[in-house]
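Enquirer: Protein chains in written order, with the UniProt record's numbering: chain A, 1 to 181; chain B, 1 to 404.
Mixed in with the good hints there might be a few duds.
[Stated by the list, open to error] In silico BS3-like links for lysine-lysine, alpha-carbon gap of 25 Å or less: (1) A:LYS73 x B:LYS404; (2) A:LYS56 x B:LYS290; (3) A:LYS36 x A:LYS56; (4) B:LYS132 x B:LYS101; (5) B:LYS64 x B:LYS290; (6) B:LYS13 x A:LYS46; (7) B:LYS101 x B:LYS178; (8) A:LYS56 x B:LYS404; (9) B:LYS64 x B:LYS229.
Derived by calculation from the structure, the hints in this document are not laboratory data.
Being a predicted model, the structure only gives us computed values, none of them experimental.
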Amino acid sequence: MNSTTATFRPPNPNPNLIKFKPNSHPTHMTSPTVTKKLNHLVTEFKTLHQPIDRVKKLLHYASLLPEFNQSRKIESNRVTGCTTQVWIDATINDVNGMSFHADSDSEITKGFCYCLIWLLDGADGREVVEFRIDDLEEMNVGILPVRASSRVNTWHNVLISMQNRTRDLMLMQKYGGDNNV
Amino acid sequence: MFDEIQKVNNGSKLVYLDNAATSQKPSVVIDALNEYYRSYNSNVHRGIHFLSARATDEYEMARKKVAAFVNAPESSEIVFTRNATEAINLVAYSWGISNLKPGDEIVVTIAEHHSAIVPWQLLSEKTGAVLKFVSLTEDEVPDTKMLQELLSKKTKLVVVHHVSNVLASVLPIRDIAKWAHDVGAKILVDACQSVPHMVVDVQNLGVDFLVASSHKMCGPTGVGFLYGKSELLESMPPFLGGGEMIKDVFLDHSTYADPPSRFEAGTPAIGEAIGLGAAIDYLSEIGMQKIHDYEVELANYLYEKLHTIPGVRIYGPAPSQTVHRAALCSFNVEGLHPTDLATFLDQQHGVAIRSGHHCAQPLHRYLGINASARASLYFYNTKEDVDDFIRGLVDTVGFFSSFK
Chain A
1 MNSTTATFRP
11 PNPNPNLIKF
21 KPNSHPTHMT
31 SPTVTKKLNH
41 LVTEFKTLHQ
51 PIDRVKKLLH
61 YASLLPEFNQ
71 SRKIESNRVT
81 GCTTQVWIDA
91 TINDVNGMSF
101 HADSDSEITK
111 GFCYCLIWLL
121 DGADGREVVE
131 FRIDDLEEMN
141 VGILPVRASS
151 RVNTWHNVLI
161 SMQNRTRDLM
171 LMQKYGGDNN
181 V
Chain B
1 MFDEIQKVNN
11 GSKLVYLDNA
21 ATSQKPSVVI
31 DALNEYYRSY
41 NSNVHRGIHF
51 LSARATDEYE
61 MARKKVAAFV
71 NAPESSEIVF
81 TRNATEAINL
91 VAYSWGISNL
101 KPGDEIVVTI
111 AEHHSAIVPW
121 QLLSEKTGAV
131 LKFVSLTEDE
141 VPDTKMLQEL
151 LSKKTKLVVV
161 HHVSNVLASV
171 LPIRDIAKWA
181 HDVGAKILVD
191 ACQSVPHMVV
201 DVQNLGVDFL
211 VASSHKMCGP
221 TGVGFLYGKS
231 ELLESMPPFL
241 GGGEMIKDVF
251 LDHSTYADPP
261 SRFEAGTPAI
271 GEAIGLGAAI
281 DYLSEIGMQK
291 IHDYEVELAN
301 YLYEKLHTIP
311 GVRIYGPAPS
321 QTVHRAALCS
331 FNVEGLHPTD
341 LATFLDQQHG
351 VAIRSGHHCA
361 QPLHRYLGIN
371 ASARASLYFY
381 NTKEDVDDFI
391 RGLVDTVGFF
401 SSFK
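If we strip away everything but chain A, and leave its shape as in the complex, we get:
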């Protein structure tokens, strides 16, 4: 079964959260490339000088993460190596466009997932695979260097998981198989 490229439209945000700094929301950008999206996200986080504001921003994004299909919380969708529990579901359409859904038991992690999905949802599979974790470092969310592979580095583990799923799906697309892994 081939899926269509999902447009990532967040549900109505929690009004309490949106009160805080209703920055121009990234989803309002029109057909931006992954690079443009990344620049937007980096700029957005760079303008937040206080750690608490960056945490608030992530919580805001966590509240926008679409509800995850509970039946997809299966072992093969679990991102391993995180201190939090994270699930990623990925699909690919006929023209290699990727679609992702995610959930976590941690609100901050959900915020990370929202950002990653916003960056890569709808992108070509090759773009997803070629995306470099180092590019996220400038966002300065948390004091951990993003490039470090670590149990607590959700950015890293979730991105790697998205890229691995994408590779698998692209191979299946090429050689046949289920387009949802």
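Assemble the complex: chain A is given as a structure, and chain B must be docked to it using the hints.
Expert: Frame of chain A, contents of chain B only:
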């Protein structure tokens, strides 16, 4: 002691409460490392020149200091390893493979660190030995009665922690060693959370093997040690081959050095071992009993303060006149993920605590949780640090509650 580390936190106060993961290092330890590399850097045991002799003297002096610190009868009963994990693996691969056969049993508690579980799983796969697990009592301490009941003539090894890195409970090692010996078994004690915090006397405890790591006791990373009774170490084959662990090497066979050299293949962590010696001098000067008494007071203060916060669930036994907890609390706050909590405490309050499973996933599963937060103290922490942590925690809980 923390001048440089505080700079990392932009000069504002940093409350470091992740001491069960690793401790901070006093200047004397850093100076000892610096001195080795600047003044007498050389390989040990091999050279006849002055520098090598000096390095060898200092390295072997560090071994003597470790032996005295845990009251080992002989310094040759101390093997330097990379860390406690390697020390446990050394026993598993050397003693374990030589002594275990199918059907033999290893008794382990579910509260062990992964480093004291996984090596025995690997050993079981190789030998056919069976792992038997001790669970917890209602008070959330390893059930020593169950441990006693699991012991039989089949038991060949008992593996227990001295102090739990999650539950803060303290096991009666002397009793457990006696029970193990009564059925002819050996006992290995993971003392990573006790050696840095209290007087540990291997002779008084009557243990066969004991492991600890340097970095949790003010020493450098990259070095740990194994204490093993001399008759056991002498009977054990090498773990790794090469370097200083040989007597003679021929093309078709080799003969091996006596312990501890037999188990120290390759160039050891010389400077780090010397640094560990300096850490032991530092701790000994303060006094381990004094450190322990102060930490018991801190432990009670931490528990009582944390206990008063609504929605907080602390794991492990409640302190009492008879139950002394280590100076750490693993806990969860209802409706709040420990990683979110730890992130906010770090970012907003400069309080460093740990979140996750603390290398104790089986224990977390038993407790019905995926993760917990952990605040762990050392002798350089104060009640003011605990107050800062509690204030930060109350603020954190309030912050996340406001978004619900």
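Enquirer: Which constraints among the numbered hints does this structure fail? Numbers only, ascending.
Expert: Of the numbered hints given earlier, the structure breaks just one, which is hint 2.
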